[in-house]
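Engineer: One-letter residues, chain by chain:
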Amino acid sequence: MKNGAPILEVRNLSKEYSDFTAIDNVGFEVYRHEFVSIIGPSGCGKSTLLEMIAGLVPKSSGEVLIKGVAVKDGHASIGIIFQQESIFPWRTALENMEFGLQMQGASKDERRKKALEMIELMGLGGFENRYPDQLSGGMKQRVAIARALVMEPEILLMDEPFGALDEQTRIILGEELLRIRQEIGQTILFVTHNINEAVQLSDRVVIMSARPGKVKAVIDIDLERPRTSAVISTEKFGRLVGEVWLQLREEALKSFRQTAR
Amino acid sequence: MASRRGRETAARWIFIAALLAALEGVVRLDWVDRIFVTAPSLVAATAWEKILSGELPALFVTTLFSVGAAFLLAMVVGLPAGYALWRFPLFGRAYDELLSALFASPWILLYPIFLVIFGRGLGAIIAMGFLSGMIPIALNTHHGLRDVNPIYLKVGTGMRLKERQIVRHILFPAAAPMILSGLKLGVTYILISVIAVEFLVEIGGIGTLASKGYFWFNTEELYLGMAGAIVLSMIFIHLLGRAESRLFTS
Amino acid sequence: MKPLLIQTVTVLVFAAVWETVAESGLLFAGILPGIGEILRAAWVLASSGAIFPHLLVTVHEASVGFVFAALFGIALGVLLGTQPFLRRVFEPPLLYFAATPKIILYPIFLMLLGAKLESKMAMAAVSGFFPIVVNTTIASAGVNRVFLKVARSVGASRLQIFTRVYFPSMLLPVAGGARLGIGVSLVAAILGELKVSNAGLGFIIMQSFNHFRIPEMYAGILLTFLFAAAVNVAMTLLLMRCRSFAHESAR
Ligand SMILES: Nc1ncnc2c1ncn2[C@@H]1O[C@H](COP(=O)(O)OP(=O)(O)OP(=O)(O)O)[C@@H](O)[C@H]1O
Ligand SMILES: [Mg+2]
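Chains as they are written, first to last, in numbering that gives the first Met the number 0: chain E, 0 to 260; chain A, 0 to 249; chain B, 0 to 250.
Since the hints were made in silico from the structure, they are not lab data.
Glycine residues also receive a C-beta, built at the ideal position from the N, C-alpha and C atoms.
Just so you know, not all the hints are guaranteed correct.
As a list, the in silico DSS-like pairs of lysine-lysine whose alpha-carbon atoms are at most 30 angstroms apart [stated by the list, open to error]: (1) E:Lys66 / A:Lys161; (2) E:Lys112 / A:Lys211; (3) E:Lys66 / A:Lys153; (4) A:Lys153 / E:Lys139; (5) B:Lys1 / A:Lys153; (6) B:Lys115 / A:Lys211; (7) E:Lys253 / E:Lys213; (8) E:Lys215 / A:Lys211; (9) A:Lys211 / E:Lys107; (10) E:Lys215 / E:Lys235; (11) A:Lys211 / E:Lys213.
Listed next, with one range per pair, are the computed distances between beta-carbon atoms [claimed, not checked]: (12) B:Glu36 / A:Ile50: 46 to 56 angstroms; (13) A:Arg27 / B:Ser46: 55 to 65 angstroms; (14) E:Asn128 / A:Glu243: 13 to 23 angstroms; (15) B:Gly29 / A:Ala17: 47 to 57 angstroms; (16) B:Val20 / A:Glu243: 39 to 49 angstroms.
In isolation and in its complexed conformation, chain E is listed as follows (with noise of 0.2 angstroms):
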């Protein structure tokens, strides 16, 4: 999947907060095409991380580089989906869908023609003009990723978009990105806490350590594509899931003695 040079590239970016250090020396790359998922303890500065690369925290130290160019604040092929629930109330699902675009002065036509286009890869037919509260959360999750899909970023960043879904929803929810994925060759830089997920979904999993938040270890993940859901049920899933447990269980036992305390 690694082919030629990196989409967006994370060279020794640390964060420090007044009194304590968030996120220390991390670095990993991510190519075109390619699902990667960072996975990690609650409170490890996934969220913290995502936001640096997207230039809304400022970094404290290292680089964050698109296309080999390295950026200050951000860039404009960089899409993020954020983990609280973020579409506006006071838009239907198509208006949020528009938002981008019409910042950007599209034309009422182009704006709509692509929002339409986004209803129909989401499987948001029919939802078009509900205001959000008379959305599922899953629905709501949906608008989201077309928000940020209509304006076509090179890399999308996803803070856990599927947190306060259940179980079952996520799993669909997954499957879909994966198709969506599979249609526009969407890179994806996706972040989660769920172990199943990050397998399910991804081409590698970067596991970040318990506070202060580092790379621990990235673990391949060579399950067949494309996927479905129904890759839960196989062996060599099981096992991969067991590989990324093991590394990630002295973590979280780490950052549940922190929360502990």
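Use these hints to put chains A and B with the ligands onto chain E, whose structure you have.
Structural biologist: Just chains A and B with the ligands now, with coordinates in the frame of chain E:
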């Protein structure tokens, strides 16, 4: 379920009708002194007379003019003030507390000062209404902007929008419900204080009627004045509630 | 710390501007006394004891009115809160009525009860009634259903359910409504006095207004505000005591 709703509404109106009928009966049977209480039918007759003569419409128009003028002023000052409180958070905190304290105080009792300064006329009434409406408008605008979920703003920053775009397309729409409820609160308070001052000082619109009726022993006019003021307030509040729910269930 | 500084400076600047305007006599000559003059008038009212009988009258009116407001407000509130049908029928008109200027009803009380204290008591009662009934309705309807089920599941008697579940859950919101009610009762009594009366804080203000004793009018308003603020602070403290009492009484 619709029929349950219907039954409740019916019960409500039957209760009100029964109350009015009882009043009518008590007066017609001469069980009470007509100086104190009068029959709804007589009040209605007086109302009809005063509508034909143009007196009642003129009173309503005067009240609505005062309310409208006070509301306009309160918006023109309150909305930018609320924005400024948000824009400069340090001052925002300080003045928010001052305004809240003023709002919690019995500001309606300031009206004699307004009378002294603006003279006995609509000026004093409008100034009083302005004061009572401006404070909730400014406070709600401030709170609405301040309490916008930061994640919405982050979406804008993540899309690398200009500050102006974020303010116009994210900040204000997100704060709109709170700002609108501030406007609603403002109008309600303006209406209350305008009618109260009209009654207390006997200048201006519909509030004066009850006062005049009382002092001239004109019982029908007294009750018409009270009913008019109360019905006007209720219609106002009803329309505001409707407007609000219309805006937010679109 | 900083907001306090800004607030202090603001109040001082306001006072300074007031004083300058009053001293210069350019604007509002004769109707805007200097701060010193107002404070002196307030001091005379307070130190001579002239204001105290009036304060007493106002307190008397407001408190009798408030007691009636609380009795009827809580009784009706519990009724509406525990009887869903009644609540759905009567709550909407009650809320509408709550947002109308009650002072307009004053002439009825004047006719029925005369120009003395009783008519202001009625004003205070009617005005204070609304915040109390509204809060009590919400409080008694909002008692957690699960708590009631738990109490019933362990075989609590009706009395026990009332004293151990209803009372502690309702005490705080009802006390909150009562706090609002007291303030409203006080203002209503004074408004009544401003219109027609022969004693009370409102009477002092209106008399100085009618006789064009302007500094005294400002002083009367100032003292009334101070008194209202003191009542408010006292009620807030009482409410805090209520909070701990609510928790203790549940045991
Ligand atoms: N602005 C800030 N100032 C100080 N500390 C912060 C700030 N933002 C985050 N933190 C802390 O930095 C650490 C990492 O936070 P972050 O949200 O990145 O963790 P996370 O891995 O995304 O956690 P979760 O899995 O719960 O989402 C946490 O301990 C958090 O409390
Ligand atoms: Mg996070």
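Engineer: All hints, please: hold or fail.
Structural biologist: Against the structure, the hints:
1. E:Lys66 / A:Lys161: holds, 25 angstroms
2. E:Lys112 / A:Lys211: violated, 66 angstroms
3. E:Lys66 / A:Lys153: Measuring from Cα to Cα gives roughly 24 angstroms; hence the hint holds.
4. A:Lys153 / E:Lys139: Since the Cα atoms of lysine 153 of chain A and lysine 139 of chain E sit roughly 17 angstroms apart, the hinted pair holds (cutoff 30 angstroms).
5. B:Lys1 / A:Lys153: holds, 29 angstroms
6. B:Lys115 / A:Lys211: Measuring from Cα to Cα gives roughly 20 angstroms; hence the hint holds.
7. E:Lys253 / E:Lys213: At roughly 13 angstroms apart (the allowed maximum being 30 angstroms), lysine 213 of chain E and lysine 253 of chain E satisfy the hint.
8. E:Lys215 / A:Lys211: Violated. Lysine 215 of chain E to lysine 211 of chain A sits at ~85 angstroms, over the 30 angstroms cutoff.
9. A:Lys211 / E:Lys107: violated, 60 angstroms
10. E:Lys215 / E:Lys235: Holds, at about 22 angstroms.
11. A:Lys211 / E:Lys213: violated, 81 angstroms
12. B:Glu36 / A:Ile50: 46 to 56 angstroms: The hinted range 46 to 56 angstroms holds for glutamate 36 of chain B and isoleucine 50 of chain A, with Cβ atoms some 49 angstroms apart.
13. A:Arg27 / B:Ser46: 55 to 65 angstroms: holds, 58 angstroms
14. E:Asn128 / A:Glu243: 13 to 23 angstroms: holds, 22 angstroms
15. B:Gly29 / A:Ala17: 47 to 57 angstroms: Cβ of glycine 29 of chain B to Cβ of alanine 17 of chain A: about 56 angstroms, so the range 47 to 57 angstroms holds.
16. B:Val20 / A:Glu243: 39 to 49 angstroms: Given a distance of about 41 angstroms, which is inside 39 to 49 angstroms, the answer is holds.
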